[in-house]
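Participant: The residues making up each chain are set out below.
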Amino acid sequence: MIKSYLSFIVVLFTVMPAFTQTAEQQIDQLVNDYHEHNNFNGAVVVAKDGEILYAGGFGYANYELGVKNTPETKFRIASVSKQFTSMLVMQKVAEGKMDLDDPIREYIEDYPGPQGDIITIHHLLSHTSGMPHYGPFEPRFSPDYSRQPWEHRDFVEVFWDFDLQFEPGEEYSYSSLGYYLLGYILEIVSGKDFDELLDERILHPLGMYNTGIDNHVSILKNRANGYNHSLASFLNAEFRDMSTALATGDMYTTVKDIVLWDKALYDNTLLDEEYQSLIFTPNLSNYGYGWFVDYRDINDNDSILTHRHSGGTNGFNCLTTRLPEERYLITVLSNARPGPTTGITNNIINILNDRPVDFSRSSKIATARVLDEEGVDEAVAHFRYLSEERSETYDVRLGQLSSLVSDLIGIDRTGEAVAFGELAVELHDESANAHMLAGNAYYANGEAEEAVKYYAKGLLIDPGHRGILRRFRRAEDLN
Amino acid sequence: MRLFFILPIIILFLVVTGCKDETERKIDELMQHYHEKELFNGSVVVAKEGEVEYARGFGNASHEHNVPNRPETKFRIASVSKQFTSMLVMQKVAEGKMDLDDTIREYIEDYPEPQGDIITIHHLLSHTSGMPHYGPFEPQFSPDYSRQPWEHRDFVEVFWDFDLEFEPGEEYSYSSIGYYLLGYILEKVSGKDFDELLDERILHPLGMYNTGLVDHVTILDNKAGGYSIEEDSLILAEFRDLSTALATGDMYTTVLDMVLWDEAIRNNTLLEEEYQSLLFEPNISDYGYGWRISYMDLNENDSVLTHSHGGSTNGFQCLTTRLPEDDYFVTVLANVRPIDRSEIVENIVKILYDVPFEIEEEEEE
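Chains as they are written, first to last, in the working numbering: chain C, 1 to 479; chain H, 1 to 365.
These are computed hints drawn from the structure, not numbers from a lab.
Glycine included, C-beta positions come from ideal geometry on N, C-alpha and C.
Hints may be right or wrong, so weigh each one.
As the list claims (entries may be wrong) - Derived DEER-like restraints, expressed as beta-carbon distance ranges:
{"id": "1", "chain 1": "C", "residue 1": "Tyr209", "chain 2": "H", "residue 2": "Phe141", "range": "35 to 45 angstroms"}
{"id": "2", "chain 1": "H", "residue 1": "Ile229", "chain 2": "C", "residue 2": "Tyr209", "range": "20 to 30 angstroms"}
{"id": "3", "chain 1": "C", "residue 1": "Glu200", "chain 2": "H", "residue 2": "Asp144", "range": "30 to 40 angstroms"}
{"id": "4", "chain 1": "H", "residue 1": "Thr269", "chain 2": "C", "residue 2": "Asp429", "range": "55 to 65 angstroms"}
{"id": "5", "chain 1": "C", "residue 1": "Glu138", "chain 2": "H", "residue 2": "Tyr209", "range": "32 to 42 angstroms"}
{"id": "6", "chain 1": "C", "residue 1": "Pro356", "chain 2": "H", "residue 2": "Val52", "range": "55 to 65 angstroms"}
{"id": "7", "chain 1": "C", "residue 1": "Pro356", "chain 2": "H", "residue 2": "Tyr209", "range": "47 to 57 angstroms"}
{"id": "8", "chain 1": "C", "residue 1": "Leu220", "chain 2": "H", "residue 2": "Tyr134", "range": "28 to 38 angstroms"}
{"id": "9", "chain 1": "H", "residue 1": "Pro149", "chain 2": "C", "residue 2": "Ser431", "range": "26 to 36 angstroms"}
{"id": "10", "chain 1": "H", "residue 1": "Glu109", "chain 2": "C", "residue 2": "Glu476", "range": "30 to 40 angstroms"}
{"id": "11", "chain 1": "C", "residue 1": "Glu200", "chain 2": "H", "residue 2": "Glu38", "range": "28 to 38 angstroms"}
{"id": "12", "chain 1": "H", "residue 1": "Asp144", "chain 2": "C", "residue 2": "Glu138", "range": "17 to 27 angstroms"}
{"id": "13", "chain 1": "C", "residue 1": "Leu220", "chain 2": "H", "residue 2": "Pro149", "range": "24 to 34 angstroms"}
Claimed, not checked - Keeping only pairs whose Cα atoms sit at most 35 angstroms apart, straight-line, the calculated DSBU-like set for lysine-lysine is:
{"id": "14", "chain 1": "C", "residue 1": "Lys453", "chain 2": "H", "residue 2": "Lys192"}
{"id": "15", "chain 1": "C", "residue 1": "Lys263", "chain 2": "C", "residue 2": "Lys92"}
{"id": "16", "chain 1": "C", "residue 1": "Lys192", "chain 2": "C", "residue 2": "Lys263"}
{"id": "17", "chain 1": "C", "residue 1": "Lys221", "chain 2": "H", "residue 2": "Lys37"}
{"id": "18", "chain 1": "C", "residue 1": "Lys68", "chain 2": "H", "residue 2": "Lys37"}
Given these sequences and hints, build the entire structure.
Facilitator: Structure follows, in structure tokens:
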């Protein structure tokens with residue numbers, strides 16, 4: 001008797017979801033799909049008015065030891081640190097200890113000219129200083145600079161006389177070095193280490209006890225290891241000494257702690273609205289101070305205001321998005337780079353707005369799984385099949401093959417890379433980029449002559465393609 | 001400021017019978033003691049004639065995630081790698097592809113003089129080449145060199161013209177860069193990467209599937225994190241790019257896999273006795289080829305022959321000891337550095353031989 005009641009209830013629950021799934025259930029289904037089919041590995045939170053609607057962990061915090069991600073797992077958040085830096089600066093501005101129009105030289109007397117005299121705090125906060133991003137370090141930022149321990153002052157001196165890209169204030173150009181400099185200036189102004197200042201002025205007041213400045217020495221409970229996607233699996237990320245990331249990308253947090261931060265922004269807990277509003281006032285290119293502020297289309301007629309910022313560093317990437325009109329927060333933290341943070345976020349916005357989800361499975365990962373188990377011929381056939389028969393379910397765009405080829409080159413399986421490069425040309429024979437991909441695979445496989453042929457074909461399709469031209473010349477030299 | 005008193009407490013381990021269960025119980029009690037006093041975090045194995053008599057993990061493989069150490073946990077073994085390198089070299093010698101009296105120049109034509117002409121393979125294996133240890137790099141070995149990725153040849157060129165400490169063959173002076181060089185020579189002789197050669201000639205034949213070369217990228221199941229105790233607190237070990245360690249200290253293994261290795265040595269599985277015996281023949285000092293050969297005192301009257309080697313690197317420390325007269329094998333692999341390896345192993349050996357011993361214990365008040 002009891003048994004038949006039970007099965008009735010079970011049947012009821014299995015029938016219901018299609019019609020009455022709550023937003024929370026839909027989000028859980030969505031993120032599970034990303035985990036299962038696209039190897040999303042990380043944690044997700046959705047909150048409204050500072051209350052958690054959904055929080056979940058997916059995949060592993062530590063693959064070696066089989067430790068799962070949870071909403072309590074700590075992730076590096078890279079450039080999402082910038083919104084904490086801009087808050088600390090604006091607190092100092094509100095106190096009259098810093099001024100947005102002050103040039104760098106006000107704080108660092110021996111900063112070289114002209115940079116020190118013409119770049120202001122406002123320029124640094126809004127990425128309009130003209131300072132470069134990591135460009136001038138390349139191709140040697142990693143490992144020559146990034147693995148070493150730096151005194152903050154010493155690292156500033158490495159980049160302080162880099163040429164400006166334009167007159168300060170004239171254009172927007174994202175510069176992590178600019179935020180590093182803000183961190184160093186905050187240390188000078190406050191007379192405190194950046195982590196101490198952050199603790200004192202933000203983390204402690206808000207009870208964000210699972211957030212802080214990361215380093216590679218302290219033991220942090222529940223800290224996720226960082227990984228990179230490689231075929232159907234992962235590799236450990238390269239080491240980076242966080243002394244190269246001060247204030248521009250050195251923090252860790254949990255999805256739960258980020259909700260406390262979001263709430264503090266709604267409640268002006270840390271800063272009066274007069275000053276906080278500047279953080280969310282777009283300057284050039286929709287950038288406020290540490291936040292992008294822009295409208296996103298949710299359908300043909302409507303768009304919604306978002307405050308957002310992404311972050312990416314060795315083994316981690318993330319995206320945090322506020323929808324201030326509805327007071328929603330969506331944060332996706334991943335410890336397997338590149339994690340599909342944008343896709344997850346956009347689809348959660350769709351769910352919250354009763355819009356259909358737009359999810360495609362990764363054909364790269366599906367193909368890489370076949371590659372692991374059955375070899376390259378079967379894997380090529382599988383991608384072709386997905387392309388021809390399953391394109392409604394799978395993302396079969398060129399980018400998928402491109403990612404597969406670059407993973408294979410990265411682990412020296414260049415023969416297999418060639419097979420997929422050829423497949424790219426077969427499936428996209430009108431695409432210059434497909435030819436470049438095949439050229440790259442041949443080049444990596446030591447067949448410069450073949451590479452030249454593919455690059456030449458690519459240039460015939462798109463004569464102005466600078467990437468192909470550069471590779472063409474390189475391959476010709478070798479040939 | 002807190003005061004710390006050191007109270008010597010003497011714990012007497014009573015001698016009862018040599019019963020196997022009793023022996024195991026006593027070893028377990030000993031290791032528990034070291035673990036509880038925060039003097040050991042790692043795994044330990046005791047084997048006789050290739051049979052595991054005792055294997056257990058203590059403490060955490062990951063302190064971030066509270067994952068316990070087990071006999072299957074993988075640890076970096078640092079210089080214990082040298083015994084695998086010497087085996088690979090002697091295999092090549094047995095095959096006539098290398099000669100112990102060959103100079104470095106036989107293998108690396110442009111190796112600078114006089115080093116290249118006067119240092120032989122034998123000198124490198126026995127640490128009698130006169131090459132320094134890491135001294136000339138200091139104080140900047142870490143981080144300037146150790147965190148960077150190196151092509152093996154490039155790293156060899158960094159140290160190949162370091163001054164010799166003495167005429168090759170005249171003295172003993174432990175040199176890890178000498179073993180690095182042996183690894184590079186093996187790559188040249190075999191035309192293979194060191195890890196491939198190791199796999200092919202040792203690990204695969206012995207079924208040591210949980211042993212290999214560490215890099216910082218590959219995901220290894222059950223890999224322990226490395227930790228250090230500095231100024232009384234536990235921290236994560238500094239990063240080291242293992243390209244600076246090649247054949248001199250870049251391996252990982254489990255205590256269980258090490259028993260397979262011991263078994264292969266006892267049975268001459270990998271090398272005929274004529275050549276293998278050279279590994280365990282002391283040259284200057286107590287060093288053979290990749291092994292130390294010495295007598296461990298059990299008490300005032302008795303001592304026992306041991307073949308042993310320790311290893312120590314960022315976050316890891318270990319000691320492996322063979323007792324060839326009675327076919328015992330003891331290995332401790334730790335992922336918190338430092339530990340008192342010698343004391344731990346000596347006390348285990350005393351339990352095996354039913355010899356009473358004392359532990360001096362520090363207590364905090």
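Participant: None of the hints should be skipped; say for each whether it holds.
Facilitator: Structure-based check of all given hints:
1. C:Tyr209 with H:Phe141: 35 to 45 angstroms: holds, 37 angstroms
2. H:Ile229 with C:Tyr209: 20 to 30 angstroms: The hinted range 20 to 30 angstroms holds for Ile229 of chain H and Tyr209 of chain C, with Cβ atoms some 25 angstroms apart.
3. C:Glu200 with H:Asp144: 30 to 40 angstroms: The hint (30 to 40 angstroms, Cβ to Cβ) holds, given that Glu200 of chain C and Asp144 of chain H are roughly 34 angstroms apart.
4. H:Thr269 with C:Asp429: 55 to 65 angstroms: holds, 56 angstroms
5. C:Glu138 with H:Tyr209: 32 to 42 angstroms: Hint holds: Cβ distance 40 angstroms, inside 32 to 42 angstroms.
6. C:Pro356 with H:Val52: 55 to 65 angstroms: This hint holds: roughly 59 angstroms between Cβ atoms.
7. C:Pro356 with H:Tyr209: 47 to 57 angstroms: holds, 48 angstroms
8. C:Leu220 with H:Tyr134: 28 to 38 angstroms: holds, 31 angstroms
9. H:Pro149 with C:Ser431: 26 to 36 angstroms: Given range 26 to 36 angstroms: holds, Cβ gap about 35 angstroms.
10. H:Glu109 with C:Glu476: 30 to 40 angstroms: This hint holds: roughly 33 angstroms between Cβ atoms.
11. C:Glu200 with H:Glu38: 28 to 38 angstroms: holds, 33 angstroms
12. H:Asp144 with C:Glu138: 17 to 27 angstroms: At 21 angstroms between Cβs, range holds.
13. C:Leu220 with H:Pro149: 24 to 34 angstroms: Because 26 angstroms falls inside the window, the suggested range holds.
14. C:Lys453 with H:Lys192: holds, 32 angstroms
15. C:Lys263 with C:Lys92: holds, 21 angstroms
16. C:Lys192 with C:Lys263: holds, 26 angstroms
17. C:Lys221 with H:Lys37: holds, 22 angstroms
18. C:Lys68 with H:Lys37: Between Lys68 of chain C and Lys37 of chain H the Cα gap is close to 30 angstroms, so the pair holds against 35 angstroms.
Consistency note: the structure conflicts with none of the earlier hints.
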